[in-house]
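> Residue numbers (my numbering), protein chains in the order written: chain A, 578 to 907; chain B, 6 to 529.
I should point out that these hints are in silico values taken from the structure, not numbers from a laboratory.
Where a beta carbon is used, it is the ideal one built from N, C-alpha and C, also for glycine.
Hints are not guaranteed to be accurate.
Covered stretches of chain B (in silico footprint by chain A; criterion: 3 or more residues with CB under 8 Å from a CB of chain A, positions within the stretch not fixed) [stated by the list, open to error]:
#, stretch
1, 81-90
2, 114-123
Examples of chain B residues lying across from chain A (beta carbon under 7 Å, computed) [as the list claims (entries may be wrong)]:
#, residue
3, Val75
4, Asp78
5, Thr99
6, Phe101
7, Asn102
8, Tyr146
9, His148
10, Leu150
11, Gly152
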Amino acid sequence: MRTLRFAGFRLLGMASTLLVISFLTYAVFYVLPADPARLSCGRPCTPERLAEASAFMGYDKPWLQQYLDFLGGIFTGRHFGAGQAAVDCAAPCFGYSFRLNEPVTQLIGERAPVTFSIAVGAAVLWLLLGVSSGVAAAVKRGTLLDRSAMVFSTIGVSSPAYLVGLLGILLFGFTLDMVPVGGYVPLTESPVDWLWHLVLPWCVLALINAALYARLTRGQMIEVLGEDYIRTARAKGLRERRVIGRHGLRNVLIPVVTVFGLDLGLLLGGAIITERVFSMQGLGALLIEAVGTVDLPVIVGMTLFAAFLVIVANFAVDLVYGVLDPRVSR
Amino acid sequence: MTLLSVEDLSIAFEAEATRGVAFELRRGRVLALVGESGSGKSVSAMSILGLLPGTARVSGSITFEGEQLVGADPERLRELRGGRIGTVFQEPMTAFNPVFTVGNQIAEALRTHDKPASRQRVHDLLGLVGLDDPRRVARSYPHQLSGGQLQRAMIAMAISCDPVLLIADEPTTALDVTAQAGILALLRDLRERLGMAILLITHDMGVVAGLADDVVVLEKGVVVERAPAGRLFAAPEDGYTRALLDAVPRLGSATREAIEPSGDTLVLTDVVVEYSGRFRAVDGVSLTVGAGEILGLVGESGSGKSTIGRAVAGLVPVTAGTALVGGADIGRAARHPWRRAAQLRRIRSGIGIVFQDPASSLNPRVTVADSIAEPLVLHRDLDAAARGRRVAELLDAVRLPTALRDRYPYEMSGGQRQRVAIARALALNPPLLIADEPTSALDVSVQARVLELLRSLQDEFGFACLFISHDLAVVERLAHRVAVMHRGTIVEQGPAPDVLRAPEHPYTRRLLASVLVPDPAHRG
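Please take these sequences and the hints and turn them into a complete structure.
Structure below.
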């Protein structure tokens, strides 16, 4: 019952956060001087054609009304224009890109699998890599292993994705010719090709992010190893592997999970640089395109979607937190 | 028959921790290693278990059941830990891993030593240590249990594999008096029934008297006296042992007579404090502290005594009732900390506070002089020279050499740090001093001197003092009047001699009865 109420409150909170974010995004982008109607009206742009385009897209109304229409569209869908040229945006409609002639929801739906494939695979990899090297460094504190792990992680933290990505492509793609140099193959088409195309981006992202997790884990583990309950665990005769792996790790994971959830949520919203480097048409690429062409509906839709992912990730973190740490859920 | 024999044990980290320590523990006996902080008692115990950090250099000999433990195979030491040797630590709240249930952690100890770890066995163990509801305790997480319950569970875990030796490192120090008495009785009982030997490590002469057969007194890593408990208490031979025994506050040594205050500095009327609108920490407390009077506020942990201290300092808002400091309602001001910021500031400038642990209440990156001068900077318009003079005055008042002014807290002893905290609290010459367990983190010999200092400062400056403590003997040394708190209410208050000699409320009587007497003849 309590958990249900907790979840209910959280869902309500999530919904209102999204509402606020949608309003702000809408306000910011639509109050900006860029006029989508003018952009799509073509040359020469007569005042009549401009007015026509404006009316077609719904930009002739006051912006608050536009916002309400936008909100309404999420639940009921929207229609733009009439007759032959009319376009339909089925619910949930998060706007319609007149430049790409597709509803935003559909655009995101098409691109999401690419980004999700990159993000989830990379995240799993960097979590494993980061946490294990952090634990090893903490346990062997002060040794050569610890030092080299930390030097390596400093390099990782300070390396930009495009550099590591390009070097990776150069080495493994061109010189060694082990993996394709770019592109994406859907999982449903060919799982092997899917995996093959993703290996390099995963490794690049994992390498860069694992560095941060190794540092975080090492710091946490060193702190936890100084706790009284670790001494108790040793005093009752547990093997060191169990002391670290069970009593230590569980407590180390609590803060790591928080950071991980947010990182993953952010990355799911678009692995912008990675997608660019590996020429994959994911959400990040969509967003960059939209910004470049001032495709406002796409920008608004993407912003909302990214915010939604972060909020969901946060919620998931809280749930996991409750499982990992019994003190939180009460 | 000798169970454990320690000879010429020397342990060094960067500095030497013990030198040539030797003692012998026979089967079924209780040997106490006694000393103040830094005496090397805990380090000696940890060396038996092989649990010292890798930087420690150990020499000498530790023989347990005829087996040499110094330099023994780590795997063999691991088998002994939790097997033939059980261990109980000081702080039960942190000694259990917070993310696993108590039952789970006990079962883990059993499994490690290849003993059957059935749920029934865990429940039996928890029942054996006198826990009423073993099932509930087993499935509870540490934060759901009290300190006393956890310490019993810790003992259950320590004896789970039938050890012949139990190492108990300050087993009652973190507990309330009533819980403390219970744990000592349990240890006595278990030793009788299971016939195990106990190596007791403690700084508390009351605990020694309550449990030990033989005593080894350590000072700065060296054994200064070794004697049966009866003889040690009756006729201590070494000067340090005598000083240690003399410093122990004993109930009934001297109470202070009540005084006639000229007016009331602090008046609480029906004060209620609720945390987050649900938990009532203080439930309708009324008390007064007259000018120049010390009121001892006594209670166990969770009684609400510290919450009262915080409410009087305006650190927590008062939910209902009034808290008047010098006639101004700080409870109301604290409810609106922004709107009434100026008022809150003014009232607070008339209150000095001394907290329990000076190691954490002094900023580690600020010098002594700057710490003491901080209230002056905040509330008084003095130039640097005048502040410097006042700091020198205050250092002198708390009997610290002026040469300490440029030191940092880590460069000083616990007693010196607490003196600095007291000097800071008195910097503004406040009419009211709140002292929240000011000596609980200190060694007994240091505690005695700090109490003496507080008493003479109070005589000299005549401030009113709300003295919060769990230790009745400490309160008796200082307080004119005593108020006893239990579960958020005051169950009894009155002049110190009346409350402490002829208590009326059953709770006060129970509290007094639980106080450990540093005399082996008084075993409960």
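> For each hint, tell me whether it holds in the structure or not.
For each hint, the structure was consulted:
1. For a cut-off of 8 Å, the count of residues in the stretch 81-90 of chain B with a CB near a CB of chain A stands at 6, and the three-residue condition holds.
2. Residue count for the stretch 114-123 of chain B with a Cβ under 8 Å from a Cβ of chain A: 3. That meets the three needed, and the coverage hint holds.
3. With a cut of 7 Å, the hint placing valine 75 of chain B at the interface with chain A is violated, because the nearest CB-to-CB distance is about 18 Å.
4. Because the closest C-beta pair between aspartate 78 of chain B and chain A is about 14 Å apart, greater than 7 Å, the hint is violated.
5. Against a cut-off of 7 Å between C-beta atoms, the interface hint on threonine 99 of chain B holds, since the closest Cβ of chain A lies about 4 Å away.
6. A cut of 7 Å between beta carbons decides the hint on phenylalanine 101 of chain B: the least distance to chain A is about 6 Å, and the hint holds.
7. Against a cut-off of 7 Å between C-beta atoms, the interface hint on asparagine 102 of chain B holds, since the closest Cβ of chain A lies about 4 Å away.
8. Hint status for tyrosine 146 of chain B relative to chain A: holds, with the closest Cβ pair at about 4 Å, below 7 Å.
9. Evaluation of the histidine 148 of chain B hint against chain A yields a held restraint, the C-beta minimum of about 5 Å falling below 7 Å.
10. Annotation: leucine 150 of chain B was flagged as interfacial toward chain A, and the flag is violated, the nearest CB pair being 12 Å apart, outside 7 Å.
11. Below 7 Å, beta-carbon pairs count as interface contacts, and glycine 152 of chain B has none with chain A, the closest being about 13 Å; its hint is therefore violated.
The earlier numbered hints that this structure contradicts are 3, 4, 10 and 11.
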